[in-house]
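**Q** The residues making up each chain are set out below.
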Amino acid sequence: MVAVADRRRRLRALLRRLPGEYPVLGAIVAAQVVFLLVPTLIVLVASFQGGSVIRFPPDELSVQWYAALPGEERFLAAFYRSVLVATFCTAVAIPVGIATGLGLIRYEIRFAGGIQLYLLLPFTVPLVVSGVVLLLIFRELGVLGQLWTVGLALAIINLPFMIWSVTSRVNALDPELEHAARNLGAEELQTFLHVTLPALMPGVITGGLIMFVLALNEFLVSLLITTPNIVTLPVLIYTSIRANVSPLVAAVASVYVLAAALAVLAADRLVGLEEFLRS
Amino acid sequence: MSRRSERWSPLLAARRAAVDALIALKERLPEDAYRNPPTAVGYLLLVPALVLVGFLFVGMLLLAWYSVLTFDPIEILVYELTLENWRRLFATTGYHVIFLRTIVLTTVVTVLAVALALPYAYLTVRVRSAPLRKLLLVSLFVPFFTGVIVRAYGWLIVLGREGVVNAVLGVFGIGPVRFLASEGAVVLALLQIMLPFAIVMIAPAIQNVDRELELAASNLGADRLATFRRVVIPLAAPGIAGATIVVFTITAATFAIPDLIGGGRVDFVANLVYRTLFDSGNYPLAAATSVALVAVTSAVVVGIFRTIGSGTLGIRRGGGGG
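As given, the protein sequences belong to chains A and B, one line each in that order.
Counting in the numbering used here, the first sequence runs from 1161 upward without gaps.
Counting in the numbering used here, the second sequence runs from 8 upward without gaps.
Since the hints were made in silico from the structure, they are not lab data.
Any given hint could be a false lead.
To spell it out: a stretch of chain B is covered by chain A in this simulated footprint if at least three of its residues, at any positions, have a beta carbon under 8 Å from a beta carbon of chain A; those stretches are [what the hints assert, rightly or not]:
#	stretch
1	65-75
2	91-103
3	110-123
4	215-227
Using C-beta positions, here's what the derived DEER-type ranges look like [as the list claims (entries may be wrong)]:
#	chain 1	residue 1	chain 2	residue 2	range
5	B	A223	A	L1418	41 to 51 Å
6	A	G1211	B	E219	57 to 67 Å
7	A	L1422	B	Y86	46 to 56 Å
8	B	A31	A	H1339	29 to 39 Å
9	A	E1232	B	V172	50 to 60 Å
10	A	G1302	B	E87	48 to 58 Å
11	B	V309	A	F1271	37 to 47 Å
12	A	E1268	B	A223	52 to 62 Å
13	B	A229	A	L1236	53 to 63 Å
14	B	E219	A	Q1224	53 to 63 Å
Owing to the predicted nature of the structure, the values given are computational and were not obtained by experimental measurement.
Virtual Cβ for every residue (Gly too), placed ideally from N, Cα, C.
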């Protein structure tokens, strides 16, 4: 409740402040903030429902559904798998992203335009088709149903995010800095470790964070390529919602909202949220 | 070489030792190999990404091949070539309806998302107050990072029979109104999913618009709307093109929202593919449907490329200046 009141207060402060600078724009954007936040945060409110049916306004408030979470082994196992998959996906994507960024921008590559177009394939192929494609491949290879395939799949479909984050940094890195380091007697390796890599770090952190969070949340491709034994949390939430809209699922889903908030906080602390809006 | 400011630490020492060892190792290599790194290194660096994306590339070929294989209810796949799947896809009105609905609703969502993203991105970039900018960024990224399933669930709670909107309407003695399982609800929920994508794509382009140009326009007598339309939007065109392409392709392939919010009445192509795949096990027909979806979305993307350019999706080269 405190959070809601706080938000309302901040929103009011926001509205009061806006008319000075951009009145019309401010009103439109304030409505968008509500539009973006309400369906996201409503899950938190619903999870404190006392009864077993989600209803507004809630009958009574209670934390019983959170208390029930530790006993829900299906959800815990799925959550553990989701974290595992996201970690694997990020661990694959980071080195690949760094190598690709350096390769594309620092070297004279023939057909660079064509290669860039090819590397955008994960974005241009509709997600459901990527899912079907990976399902067919993993089936043909006989590895369907192994958890690592999910991590690999998510690394593939979100790879352009990682490449973008790194390339924007490689672009911004002034080659003169590396030359200067060499002129001052630094080894190529030292230059890479002490000049190039630190300069790329914000891009790597941004990209890595995006990869991890997207993998933690990924649903459609996971739905297609997971077998019942390796369902990840979003897939399990989906099947549970289809069964019934119990507040228990709201409590599970709230974990995601909190994870998202944590990720945003981490991103802000580590690189600043503005970094995500750079080209 | 003075190291005044550095304190000795085991970690640092270990790192130096490791780097020294690496350098020693490297110096055993022929000098040319690292002094003038051949372009081969550049290609070598690209190999992992090329292989990863290769899964999709090879998979697309596999998909095209599956689409001309024969389906058998018992054996599932028969390796005999046929055009039956394609004939069925083209001849069935039900499939046409789903494809048409996907394209129309996706276009609506794309236009709305890009139109709404422009003011949001603009204000986020230009607003002077730091806390306000932070609020806008947080409201953008928390939903973005929350994922589609949780937000679909949120929309069920907002629009459901005993949901938030009906509770509010009930106070005025209206309803309950059935919002779910309608095209409007699907568009609304999709818009909330896609808006952050559009903002994230457009904001960098607006960041690159020189503020001086806007001031010049207003000095020359343009009002705010005219400045926005004649200066900001044309200069942000690459971002708008990128956003349009990304939002269109993701929305056209959407599954969760039509399934959960549309309740089987507002199916998109993805829902059709899923049903074909898992309800009837008809892999060849699902493959043909997938190939058709790729063809349709590619045609639209190429259309956007032609009219407003490839936009921010291209990776620019060059040192200095981000």
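**Q** Does each hint hold? Answer for all of them.
**A** Verification of the hints:
{"no.": "1", "hint": "65-75", "in the structure": "holds (count 6)"}
{"no.": "2", "hint": "91-103", "in the structure": "violated (count 0)"}
{"no.": "3", "hint": "110-123", "in the structure": "violated (count 1)"}
{"no.": "4", "hint": "215-227", "in the structure": "violated (count 1)"}
{"no.": "5", "hint": "A223/B with L1418/A: 41 to 51 Å", "in the structure": "holds, 46 Å"}
{"no.": "6", "hint": "G1211/A with E219/B: 57 to 67 Å", "in the structure": "holds, 59 Å"}
{"no.": "7", "hint": "L1422/A with Y86/B: 46 to 56 Å", "in the structure": "holds, 50 Å"}
{"no.": "8", "hint": "A31/B with H1339/A: 29 to 39 Å", "in the structure": "violated, 24 Å"}
{"no.": "9", "hint": "E1232/A with V172/B: 50 to 60 Å", "in the structure": "violated, 30 Å"}
{"no.": "10", "hint": "G1302/A with E87/B: 48 to 58 Å", "in the structure": "violated, 23 Å"}
{"no.": "11", "hint": "V309/B with F1271/A: 37 to 47 Å", "in the structure": "violated, 20 Å"}
{"no.": "12", "hint": "E1268/A with A223/B: 52 to 62 Å", "in the structure": "violated, 39 Å"}
{"no.": "13", "hint": "A229/B with L1236/A: 53 to 63 Å", "in the structure": "holds, 59 Å"}
{"no.": "14", "hint": "E219/B with Q1224/A: 53 to 63 Å", "in the structure": "holds, 59 Å"}
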